[in-house]
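S.K.: Residue-level listing of the chains:
Number of protein chains: 2
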Amino acid sequence: MVDILHRVGIKAPTPEMVYDALTTVDGLAGWWTEDVRGNGNPGGKLEFRFPPIGGFDMEVLEARPVEWVQWRVIDGPQEWIGTTIDWELREYGEWTIVLFAHRGWTEPVEFMHHCSTKWGSFLMSLKSMAETGEGAPAPRDVVISDWH
Amino acid sequence: MVDILHRVGIKAPTPEMVYDALTTVDGLAGWWTEDVRGNGNPGGKLEFRFPPIGGFDMEVLEARPVEWVQWRVIDGPQEWIGTTIDWELREYGEWTIVLFAHRGWTEPVEFMHHCSTKWGSFLMSLKSMAETGEGAPAPRDVVISDWH
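Residue numbers (the working numbering), protein chains in the order written: chain A, -16 to 131; chain B, -16 to 131.
This is chain A alone, in the form it adopts within the complex (with noise of 0.2 Å):
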């Protein structure tokens, strides 16, 4: 099992915008991809897509303010079923603190490799959504790659 970390520092106005982003459709929408309905509380089921090229369904495991969501993923490219995304806050002065991992990848193949790096450019655009109001949600992404 390998895993994808990252990091990130939001000095967003309160702690409460950064969980909110992860808990809510329109927070959702507002950096990861415009395209997404559910329900990000415990239990809920939120549905990504980025169309055309397909999309994720997570069931939301854990939802506890303001330290820490975890994601299943139970529909999407087959490695990413069954994989876990794990989200920790910390508030450290002025920053929240986003602790990232996406975790239960079965081989170190070349497209997590592509992952890891589009989901540090998606977290730029969470920080970025929540210090500034404008994030880089699918469709107006940042292109990494050949992949997008």
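Treat each hint with caution, since some may be false.
Said to hold, decoys possible - Each computed DMTMM-like pair below joins lysine to aspartate or glutamate, with the alpha-carbon atoms no more than 25 Å apart: (1) B:K(-6) - B:D69; (2) B:K28 - B:E62; (3) A:K(-6) - B:D124; (4) B:K(-6) - A:D129; (5) B:K28 - B:E45; (6) B:K(-6) - B:E74; (7) B:K(-6) - A:E93; (8) B:K(-6) - B:E71; (9) A:K28 - A:D3; (10) B:K28 - B:D58; (11) A:K(-6) - B:D129; (12) B:K(-6) - B:D9; (13) A:K(-6) - A:D124; (14) A:K(-6) - B:E93; (15) B:K(-6) - A:D124.
These aren't lab readings, by the way, just hints derived from the structure by calculation.
Keeping the supplied structure of chain A fixed, place chain B upon it in accordance with the hints.
M.R.: Then chain B, alone, in the frame of chain A:
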């Protein structure tokens, strides 16, 4: 042992430009840090500095145009010493694909999370430099957190 993995695609005028960005002092200064000196050829030593917080010394283990570069960290933060940094280049149509791996971390510490995101950001700087002539090397690098 845990690894940081990334993948970016670069529409460089030539793949040699990407290779040169990894093996020459002028190239490295354009995307990672302006404060770099040394020799990027096999057996050479490269010294990267990020004033005022320190830096990294790398031994160049391999450099094969236009496909593979490998460094070993010989001085720097304790967590980095002995780790290796691999750069695999592949031509794919108009793209030069960069498969990056920073291998050999002993533990997935919080600093590793930070370095993963920061590497992603610097890879986007490499991409930008090769595509547009303008990267974002230190001290003009993108701030991702309180750890810079």
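S.K.: It remains to establish, for every hint, whether it holds in the given structure.
M.R.: Okay, the hints, checked on the actual structure:
1. B:K(-6) - B:D69: holds, 20 Å
2. B:K28 - B:E62: Within the cut-off at roughly 19 Å; holds.
3. A:K(-6) - B:D124: holds, 17 Å
4. B:K(-6) - A:D129: holds, 9 Å
5. B:K28 - B:E45: holds, 11 Å
6. B:K(-6) - B:E74: holds, 10 Å
7. B:K(-6) - A:E93: holds, 19 Å
8. B:K(-6) - B:E71: holds, 16 Å
9. A:K28 - A:D3: Roughly 16 Å separates the two Cα atoms, so the pair holds.
10. B:K28 - B:D58: Answer holds: B:K28 to B:D58 is near 11 Å, not above 25 Å.
11. A:K(-6) - B:D129: holds, 9 Å
12. B:K(-6) - B:D9: Between B:K(-6) and B:D9 the Cα gap is close to 20 Å, so the pair holds against 25 Å.
13. A:K(-6) - A:D124: Measuring from Cα to Cα gives roughly 21 Å; hence the hint holds.
14. A:K(-6) - B:E93: holds, 19 Å
15. B:K(-6) - A:D124: holds, 17 Å
Consistency with the previously given hints is maintained throughout, with no hint failing.
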